Amino acid sequence: MINAIEIKNLNKNYQDFQLKDVSFKVPKGSIVGFIGENGAGKTTTIKAILNLVKRDGGTIEMLGMDTLKDEKKIKASVGVVMDGCNFHDNLKTGDISKMLGSIYKNWNQKLYQQYLKKFKLPENKIIKEFSRGMKMKLQIAVALSHEPELLILDEATSGLDPIVREEILDVFMEFIQDEEHSILISSHITSDLDKIADYIVFIHQGEILLDQEKENLLSKMGVLKCGEEDFRKLEGDEYIRYRKNQFSFEVLVNDKVAIRKKYPEAVVDGVTIEQIMLFYIRGGK
Amino acid sequence: MKGLILKDLLNLKSTFKMLGLMIFLFAVIYIPQGNGFIFGMIILMFAMMVVTTISYDDLAKWDAYALTMPVTRKEMVLSKYLVMAILNTLGAVLSLIVGIIGRMIMGQSFSTEILAIIGVLYLIAFSFGSMMVPLIYRFGTEKARIMMFLCALIPTGLILLFTQIKIPLPEATNPLIYLFLLLGFTVIMVSGSYLISLRVYSNKEF
Chain G
1 MINAIEIKNL NKNYQDFQLK DVSFKVPKGS IVGFIGENGA GKTTTIKAIL NLVKRDGGTI
61 EMLGMDTLKD EKKIKASVGV VMDGCNFHDN LKTGDISKML GSIYKNWNQK LYQQYLKKFK
121 LPENKIIKEF SRGMKMKLQI AVALSHEPEL LILDEATSGL DPIVREEILD VFMEFIQDEE
181 HSILISSHIT SDLDKIADYI VFIHQGEILL DQEKENLLSK MGVLKCGEED FRKLEGDEYI
241 RYRKNQFSFE VLVNDKVAIR KKYPEAVVDG VTIEQIMLFY IRGGK
Chain A
1 MKGLILKDLL NLKSTFKMLG LMIFLFAVIY IPQGNGFIFG MIILMFAMMV VTTISYDDLA
61 KWDAYALTMP VTRKEMVLSK YLVMAILNTL GAVLSLIVGI IGRMIMGQSF STEILAIIGV
121 LYLIAFSFGS MMVPLIYRFG TEKARIMMFL CALIPTGLIL LFTQIKIPLP EATNPLIYLF
181 LLLGFTVIMV SGSYLISLRV YSNKEF
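Residue numbers (our numbering), protein chains in the order written: chain G, 1 to 285; chain A, 1 to 206.
Chain A extracted, bound-state conformation (with noise of 0.2 Å):
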């Protein structure tokens, strides 16, 4: 399991290295205008690394390979999802550090809102891996990615139509309400999604 790990964090070591570069251009640009947009820029990349790592799997045929090893499929699965928590964690850690040093430069003191953006997007990520993988185990990176887009579309396009016929969105007193909301549904994501992909590669043939 450590082996697989270690596999999926060797093969984006230079993919770490390119979003270095990334991350510190962009703070260079969206920092000074203070905005939030930057810290979901950060954990929306690491977020997607999940999926570059399974497309990597596939160039390589590695998962047949793996599976001459001394590897079961569960484990094959469960180190997918650790790799997601692990990425998931490194980007909310890098936007913390981005949001520090930002409002250090920019002579601010640190606000509890922006623990609070990059609390919710950190649960966010987990939700839209948790999505994307079973999908991707189902279809092949390539069919999942076009129906990742169309997951997102239905709900934004939901959003914009709420917004245009004037249905008020629900507010809630305490905010803390939709925090405790967002967790439950990620831990239900997540391992809804574990499941499924599981029983989907199970049965999988190479």
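Excised from the complex, chain G in its bound form (with noise of 0.2 Å):
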């Protein structure tokens, strides 16, 4: 098993929204980020996969296996977080692994235990009075307290402050470190893919625009700003799209060392996901 996961031509037809022909990998050991606009198709994608709703077409394979055959199977060794806190208002973190302890055949109450103190959540306190913070933390330390070689995360780190984010992403690094796990994070909240993703996976109105190594992307790509007259003399294979200011072009191009080689003078600069994200939501082509 060379992919954790892997999509192919998924369909799903709404009436007013379509994913079109989805397919992309999440490679063994690497973290995939997974990014776009709210109402892409990020979280329908994610429900695919997890046969919340059912697809029209196409085939995803988990951790080598057929998602459709082998559900029950798979989705003992995954753990997935969702926006936002699945587990009722009255319950506290002890209810909780009593409940998970015979769902999951590999619950580790140990584990549990470590993650409960390693974010400080209280053992006393009812669900209700957590922080959303604490809650997205608590929903953490069960996805991983299973032991999963496989983590999904929707917006799993959006409304959350940075010091928690971080701390978070923290935990996440040390997840892949043995290079078996995998982790699919889909967030709107750039900064943190720019941090710990290898691969980001860009689906804007149901069809992936994107899907590369991040590094490759960021140290090829770069923000050309030039006046009108210069961003005419470009040719088309050398930018992906451009912005129009009031009074200069920016210009996303493919391949920034080569863009610096031709127009010396240009100014090229570096590029985050998050540009990347608005050049090919916002620009022209």
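Careful, some of the hints might be misleading.
Example chain A residues on the side facing chain G (calculated, C-beta under 8 Å, incomplete) [what the hints assert, rightly or not]:
id, residue
1, G3
2, L10
3, N11
4, S14
5, P32
6, K61
7, W62
8, M69
9, V71
10, T72
11, F149
No farther apart than 25 Å at their CA atoms in a straight line, the calculated lysine to any residue pairs in the SDA-like style are these [claimed, not checked]:
id, chain 1, residue 1, chain 2, residue 2
12, A, K2, A, D63
13, G, K225, G, D194
14, G, K118, G, R132
15, G, K92, G, S131
16, G, K92, A, S14
17, G, K125, A, T72
18, A, K204, G, F17
19, A, K61, G, N245
20, G, K54, A, T72
21, G, K98, A, G102
22, A, K204, G, K92
23, G, K69, A, A64
24, A, K61, G, N9
25, A, K13, G, W107
26, A, K13, A, E75
27, A, K61, G, H188
28, G, K105, A, M69
29, G, K98, A, E142
30, G, K73, A, K74
31, A, K61, G, K225
32, G, K92, A, L19
33, G, K28, A, K74
34, A, K17, G, D89
To be clear, the hints were calculated from the coordinates, so they are not data collected in a lab.
None of the values given here were measured: they were computed from a predicted structure.
The beta carbon of each residue, even a glycine, is placed where N, CA and C say it ideally should be.
Hints are included, so try docking the two chains, each in its own frame, into the full complex.
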């Protein structure tokens, strides 16, 4: 097994929205950042991966098994965190352990306690009294405590303050250290993905626009700032998207080194994932 | 499966406490009057609780999350019916205890009449739940509640109508026939309801 998740030609039709031939992979031992604006299809894709919605076409393999045939077996080795807390308000952390201890065969009570301690989650309070950050940390602790091989996180870091976010990102980094574990993380907080992702998959209006190694992406792409006259000189295959300001053009270029060589006096900056996203969605071709 | 049932019982922990208090109060008020009303109350309160567990689940968006675990949709549905059976049984047992204690306090001997009342109510509780669960799965808790009221109104209205126009209700010489009829009806209701729920739930998207 080389890929923790392998999606081929996933299709899902709603009245007003479609996933169109979504295909991408989550290679084993890596973190894949799944980005896109609200409503682009991130959550739908994740739900289709988990069989929470019925797909209209395509195949999905997880941990080397077909998700329709071996669903139960797969899910025993997958940890999922969704946007929000899914435990009932009146439960305490100990209750959760009792429940999940008999749902997951490999539930590790000790590990769970360790995470609770690490995240400073109180054992005597009911979940209703937890802050949003604490709830998210609890979900993540739970997702890790049955020793999964794969984590699927849907907006798990949104709505959290930067300190909690970093704490959680550290846990994710630790999780993939052994090269066996993998993470698929959807987020629109792209700075988190700048930090931890190995690959970036970018979905827009139900279609995959971009699927690349992050380092490759960030080291090659750049933003050229120039006037209209210089922009007109660019050839079609030298840039991906452009955005027009009041006085100048900002151009997302494929290969910043080549552009710098060709136009030595031009200003070409590096790019962040957020800028790439903005260029793709709001820029012109 | 065990985990799912445990989840519902843990969630109802605080409800159980409040219910205990209410039953005590009702018992103090109604036992001296010596009518069977209290048994109906207790069993109905427990029978309603399966609905409460489903609305708790909705509130927490639990089902979508639970299905990311090694739990099948069939187990999700089956666990709800088992929880219903546990709650109904709990209600019946509690009714019986209240009945026995009540009789003892009032200095009367225990009569089979109480046993019959509780037995019938116990079976009706299953039919009630069997009607409710698939409606909830299909339409959600809020709408299902309104529908339930309508479902209860129609037979009540019919019975009222019958007594108004003085059609004699059938009278059997042996009351045991009623019991077996009711038992058969309950079994059909529960199994039919389970199959419908399973079908609705299997096609559900989260």
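Now the hints, each set against the structure:
For G3/A, the shortest C-beta to C-beta distance to chain G is roughly 4 Å, which falls under 8 Å, so the interface hint holds. A least Cβ separation of about 5 Å between L10/A and chain G falls short of the 8 Å threshold, and the interface hint therefore holds. Checking N11/A against chain G: minimum C-beta separation of about 5 Å stays under 8 Å; hint holds. Interface hint at S14/A: satisfied, since its Cβ lies 6 Å from the closest Cβ of chain G, which is below the 8 Å cut-off.
About 35 Å separates the beta-carbon of P32/A from the nearest beta-carbon of chain G, more than 8 Å, and the hint is not met. Interface restraint check for K61/A: the shortest CB-CB distance to chain G comes to about 6 Å, inside 8 Å, so the restraint holds. This hint holds: W62/A has a C-beta 6 Å from the nearest C-beta of chain G, less than the 8 Å allowed. Contact between M69/A and chain G, as hinted, is supported at the beta carbon level, the nearest pair being about 5 Å apart and thus within 8 Å.
Because the beta carbon of V71/A sits about 6 Å from the nearest beta carbon in chain G, less than 8 Å, this interface hint is met. With 8 Å as the threshold, the beta carbon of T72/A comes within range of chain G, its nearest partner Cβ sitting at about 6 Å, so the hint holds. At its closest, the beta carbon of F149/A sits 26 Å from a beta carbon of chain G; the interface hint therefore is violated under the 8 Å criterion. Between K2/A and D63/A the CA atoms are separated by roughly 16 Å; this keeps the pair inside 25 Å, and the hint holds.
Proposed proximity of K225/G and D194/G is supported: the alpha carbons are some 22 Å apart, at most 25 Å. Between the alpha carbons of K118/G and R132/G the distance comes to roughly 17 Å, so the proposed pair stays at or under 25 Å and holds. Taking the CA atoms of K92/G and S131/G, the gap is about 14 Å. The hint holds against a cut of 25 Å. With a C-alpha separation of about 13 Å, the suggested pairing of K92/G with S14/A holds against the 25 Å cut-off.
Between the alpha carbons of K125/G and T72/A the distance comes to roughly 31 Å, so the proposed pair goes past 25 Å and is violated. Distance hint between K204/A and F17/G is fulfilled; the C-alpha atoms sit about 18 Å from each other, no more than 25 Å. About 44 Å separates the Cα atoms of K61/A and N245/G, which puts this hinted pair outside 25 Å; it is violated. Annotation: proposed proximity of K54/G to T72/A holds, straight-line Cα distance about 15 Å (limit 25 Å).
Between K98/G and G102/A the CA atoms are separated by roughly 37 Å; this puts the pair beyond 25 Å, and the hint is violated. Restraint check for K204/A and K92/G: not satisfied, since their Cα atoms lie roughly 29 Å apart, outside the 25 Å limit. Taking the CA atoms of K69/G and A64/A, the gap is about 19 Å. The hint holds against a cut of 25 Å. Our distance criterion of 25 Å between C-alpha atoms is broken by K61/A and N9/G, whose separation comes to about 29 Å.
With a CA separation close to 24 Å, the supplied pair K13/A and W107/G stays within the 25 Å bound. A distance of roughly 22 Å separates the Cα atoms of K13/A and E75/A; the hinted pair therefore holds under the 25 Å criterion. The suggested pairing of K61/A with H188/G holds, with an alpha-carbon distance near 22 Å, which does not exceed 25 Å. Our distance criterion of 25 Å between C-alpha atoms is met by K105/G and M69/A, whose separation comes to about 11 Å.
As the CA atoms of K98/G and E142/A are separated by approximately 30 Å, the hinted pair breaks the 25 Å bound. With a CA separation close to 15 Å, the supplied pair K73/G and K74/A stays within the 25 Å bound. Between the alpha carbons of K61/A and K225/G the distance comes to roughly 47 Å, so the proposed pair goes past 25 Å and is violated. Between K92/G and L19/A, the direct Cα distance comes to roughly 21 Å. Compliance with the 25 Å bound is thereby established for this hinted pair.
Pair hint K28/G plus K74/A does not hold up; C-alpha atoms about 31 Å apart against a cutoff of 25 Å. Under the criterion of a C-alpha separation no larger than 25 Å, the hint pairing K17/A with D89/G is consistent with the structure, at around 17 Å.
When held up to the earlier numbered hints, the structure conflicts with 5, 11, 17, 19, 21, 22, 24, 29, 31, 33 and fits the remainder.
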